[in-house]
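Engineer: Spelled out from the first residue to the last, the chains are:
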Amino acid sequence: MKKDNKLKLNLQAILTDLLIWIYILGCVSFLVNHWFEKIIQTNFVVIFGVAAGFISFILGLSIGRKIFLPTIKTEGKWYKTFWGWSVFLLLLITFIVGWNLVEVDLYKLFAKFQNAGGIMKGIFNPNMDIFMQCLAALAETIYLALLATAFAIPLAFFLSFFAARNLMPQTFLGNTVYIIVRTIATIFRSIEAIVWAIIFSVWVGIGPFAGMLALMIHSIASLTKLYSEQIENINPGPVEAIKATGANTIQTWIFAVVPQIISPFLAFTIYRWDINVRMATIVGFVGGGGIGLLLLQQQQMLRWQNVGIIIWMIAIVVWIMDMVSAKVRGKLQEM
Amino acid sequence: MKNIIEIKNLHKIYAKGTHAIKGINLDVKEGEFCILLGLSGSGKSTLLRCLNRLIEPTSGEIYIDGEDVIGAKGQKLRYIRRKIGMIFQQFNLIQNLSSITNVLTGKLGYSTLIHSLTFPQHKEDMKTALDNLSRVGLKEFADKKTRNLSGGQQQRVAIARALMQNPKIILADEPVASLDPATADSVMQYLGELNKSDNMTVICSLHFLSLARKYGSRVIALKDGKIVFDGTPKEIDEKRFKEIYGEDAEEVEIR
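Those sequence lines, one after another, are chains A and B.
Sequential numbering from 210 applies to the first sequence in my numbering.
Sequential numbering from 52 applies to the second sequence in my numbering.
So that you can see chain B by itself, here it is in the shape it has in the complex (with noise of 0.2 angstroms):
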């Protein structure tokens, strides 16, 4: 398998001096499911949203599908991100818009400004946006606002935005955080489909180990800005999850 995603010695520096990746060095192998572990405040967030540059990096190089990412400006750069798709905590949705509008921003990385306007005139997006919701089972919630969508609705309409990119990398920012764990681990569910049935590559960061161990196959953790730990996840033991996690934290199971 080719590595999809190539870090070289990645840094950030924020403005206000914290140091939040401190030389990373990680490749990615084409159809993984990465999860990330760590503390808040670990770097995760910063790491994912280095990638697709939200975040501007301070000094390294970043290989997505082998294109420079660090180098790439303007309509490069847009070409590169469209390639991933990026779900957040907060789902990050546009809450006064319907969830077909919201699913058919994801294809705005294809579009000219003048295509974008005319969305609903064009069937062949309508019907991709259309199939992307129903893929979540969100078919009859297309015309509804997403305001008035519960959490897990909200993040499968995320999910289907992302599906519109048509990604080969989806970057999962604590995806299920904000959600009941029910509704957590089906929204997992779909991202693991995501992973074995089309072949995304899926980074995604977690607190929880169990649905690390049931859907990550590696385990990246992180401290203080490093990799501390990369492994399967079965590697991780009680004495590895104190060294992520501190010594007085104590696994929570949730099912």
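Okay, chain A solo, but in the shape it has when bound (with noise of 0.2 angstroms):
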């Protein structure tokens, strides 16, 4: 068992450093690339990179050994030891690739201002024209994100029971239970509420309603994550009372953790409807309908005072929102 372990922390430091040296050398293969046009082959960058690890393993205290096998000793500062420069190295090398990539320009930045000068004029120049057709647009917005909380919350609700690790039995079916839920939520929540509106407005037409499915289904998964956790961290002595009294398991979660859930529950929810809202807006442009749909054809229209008087709206609803649900919250707490 012992020996196992020791094999097993090996391999994965080992592995560990061969990553490192393979990512290492892609980098400055791509460094290389980019400045001097020069291209490197991918066999080479593997065959050193795997070298350079072995290399470092052996030699000296690498990174993977650092982290895999902490019986070695350490000794001295950060930067008299290999791993310490290897460390370095890395980040390093990161940054100039991330600079690189991302195209960063200070120059673009600074010296040219006047390109957004149009907008700027819009933001401050609201056209106030079409005032009522954005509050149109808005109401659209924060009915579709109070609905698809509305719809998300039973569900939710009713999947978090599952998905808490103290609620379910330590019995093969009960492990089953808790991992597929726990699975599919942080799938479903992992896939972003704008990836969910591109299929809905696909499956059901562009529009609020597939913006309602879209935030929906989003906020399903995350609300059964928030719920659950509210779940495990209940007070476990009141449901080892009710059970001594010979209630049965619905009973148990009825009486003893639905209500020590019920009020963190409610502000978990209206955060939600909070974070809806604001999503719905982006959800919007991508076919989902309300004022982020609104939006989009302004601001493809190049009608500036029209995008000035949309960002405004949202601007102070988002703000009320805010606040609105940091009260409720709170009186909620105190509750």
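Keep in mind that the hints were calculated from the coordinates and are not lab data.
Remember, it's a predicted structure, so these values are computed and weren't measured experimentally.
One thing to keep in mind: the hints can contain errors.
[To be verified] A few chain B residues that face chain A, going by a derived Cβ cut-off under 10 angstroms, partial list only:
hint : residue
1    : Met52
2    : Asn103
3    : Gln126
4    : Tyr130
5    : Arg132
6    : Arg133
7    : Met137
8    : Ile145
9    : Thr156
10   : Gly157
11   : Ser167
12   : Thr169
13   : Arg212
14   : Ala213
15   : Gln216
Note that beta-carbon positions come from the ideal geometry of N, C-alpha and C, so glycine has one too.
Two chains, two frames, a set of hints: combine them into the complex.
Structural biologist: Written out as structure tokens, the structure is:
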């Protein structure tokens, strides 16, 4: 057992070193290509990376050793060690590659401000003529966020009990249910609402309904996670006490778990609605309807004064939502 | 008197390897007031929780009122549990519910899900709950959230909840350890009364010998998961006390 473990740690250490050095050499080859327009073959990168990784693992205190085999003594300051220099090189080369990939250009940032002049003028001279049109679109956005949240609540509420470690029995069935619910929630949450909006705008057509569905799916996944974490944080004492009275599992959940989570659940839900209103704007850009769609149309027609009024109205709504939700959440916490 | 609890060669080994209960054999007669003594970690809580299977024993046999506890599953286990009221050191009430609702939860083992969701509509349940609350002197606190009650009041609500089960046995896991001495004694008085006038069998873990002498009819001492003393409270002298609690222990009086 112990021997296996040591072998495993050594393997992990060496693999880490190999990957790090392949990455470093990959970065070097990118920079050579970028600056000198000379192409370095991929197999060279891999071969030299593997070689460098092996050498560093055998010769010195490499990063892999430092992470996975901490029994090895480290002496002195980081700049006197091999792993210290390796980390420094890693960070430095990552930064340089990043700078080049992102095409950072400080000249453009400071010297070409006048290009944005039109937008700035528009923002500070908003076109009040389309105020009512904006209001209608905003209402669409707020209501679609509200519906998305409302539809997400019961499903997330139900699912969260099965995604809470402390409620699922430590049996094969319990563990399986827990892992499946958790995994699905994680996957659905890692797909951004904007991607869901693209899918649904094809599915049900461009408009607020597509946006609502996108936010709903994302909200279910997020709320399931937040709710279940809240359940995992409850005081286990009352659960024990209710179980001891001879209550069945559902009674135990209703009487010992639900009263403990109801106010944090409400707080999270209001917070989620707040997030959904903001996301609804973005989702609108890709076919989710509402103010986002209007903003996209006006922006593409370069009507900066119309864009201006939309931006102001979004800002005001987000600001109000933020304040209201903070107030309500504060009140809930006192309850 | 018949044995209401029979424990045979009970073992509990936790997943992390701690051997908390090491082969306990114990019979408790109906109507006894047993005091469990022992240091923290001696296995008192584990033993109490094995009796109603809040903790799953590793091996051994337990019979409550003649029924096999270890073999019981589902509804059978819940029927056994409702015969056993339990009281905890931290009271374990649901803090943001009213006292009366907390007391009503004692009835869950007797109720269907629908019935338990509509407790306030069932007059007889409400009446029993109020009666039990008055029995512990808290009738006027029925609608107060338990979070606003003092420690002693909370423990009395917990006793009323246990009474709701109409139990034959009361398990009390250090019921007075979070209370001041005067309150501790009053809580113990309620337990003593249940034992005497309702003939409930009580098993109560404690740290104070003075309370053990005052209320217990039998003292069982645990050390490292084994029974090291089983007798009457009077039999515990200074030598026995040091055997249970270690050489350096001094008896602390509380009244």
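Engineer: Just pull the numbers of the violated hints for me, sorted ascending.
Structural biologist: 1, 12
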